Amino acid sequence: MAQLIVCPSCGAEISSEARQCPHCGHPIKSLENCNGDGAMNRKPDTHLAKAIIATILCCLPLGVVAIVYACKVDSLYAAGDYQGALSASRKASLWGNWSIGVSVFICILYVIFYVALGGFAFLSSIGRTF
Amino acid sequence: MIRRILFLSLGVVAVVGLLCVYYLYDPREVALFPRCLFQTLTGLSCPGCGSQRALYSIVHLDIAEAFRQNAFLFAMMPLLAVLIVADVMKERKPLLHKMVFSRHLSFVVLVVTLLWFVLRNFFAC
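As they're listed, the protein sequences go chains A and B. Counting from 1, one number per residue, gives the positions in the first sequence under the numbering used here. Counting from 1, one number per residue, gives the positions in the second sequence under the numbering used here.
Extracted from the complex, chain A is given alone in its bound form (with noise of 0.2 Å):
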């Protein structure tokens, strides 16, 4: 619904669907950044610090589809698109989250497989002593 916001320029009293001021030309380009008391909504997190852990420390190219949607998340932002930034934060933490999960898994098989290996490469090496 149309609500009465003030200027960032000019000062006047506009609707908060108007693109651009009807006084003084002004865009009014991130109006959907605003919640209903007309207050800016901040910028949704764009998780990049994860998406940078797991490009560098997890060995999948996942993390590069992080990053994607941290940058993502700021263009939909500096258009105006709260919710479509919203969206691309939350794919942001879960792209993430799942190759940080998947590498940590992973690596974790490997270690057992190794350890199994080794046990039985032991076992028989007695085996074939005694």
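For the record, the hints were derived by calculation from the structure and aren't laboratory data. Misleading hints may appear alongside valid ones.
[As the list claims (entries may be wrong)] Looking from chain B toward chain A, a few residues come up when the C-beta cut is under 7 Å (computed): (1) F38; (2) P47; (3) G48; (4) M76; (5) L80; (6) I84; (7) F101; (8) F107; (9) V109.
[Claimed, not checked] Distance ranges between label pairs, derived from CB positions: (10) B:F107 <-> A:R42: 11 to 21 Å; (11) B:H104 <-> A:L4: 31 to 41 Å; (12) A:M40 <-> B:Q39: 41 to 51 Å; (13) B:D62 <-> A:Y110: 21 to 31 Å; (14) A:V6 <-> B:R103: 20 to 30 Å.
Keep in mind the model is a prediction, meaning the values are calculated, not measured. Don't be surprised by glycine CBs; every beta carbon is placed ideally from N, CA and C.
Chain A is already provided as a structure; the job is to place chain B on it using the hints.
Chain B in isolation, oriented as in the chain A frame:
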């Protein structure tokens, strides 16, 4: 509060433990260290390949060798530190958070990562 301290001390123990493992054993010689799945499957290096060898070199204070193994790590570690500090201080210093997570940061990180990914496979580094 107690849970937080528990998690924090567990984290510190895990990090110190990992550093000790990388100090004692060379990932190039011991088969126990996990190999990169992407490299095993495709034969190409992923952006993170070489970080285990780099970590081994760093804890042995051989910075030049670490840089040769994964130069990307050296660009990303300071950035990562800044990002994590800004994230933790989000409520206390919202302006710092806003400044650090600026509009083009993710894009720059993406471009640097992709460039590194492509170039390292071209020049085999």
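ask   = Among all the numbered hints in the text so far, which are the ones the structure does not match?
value = none
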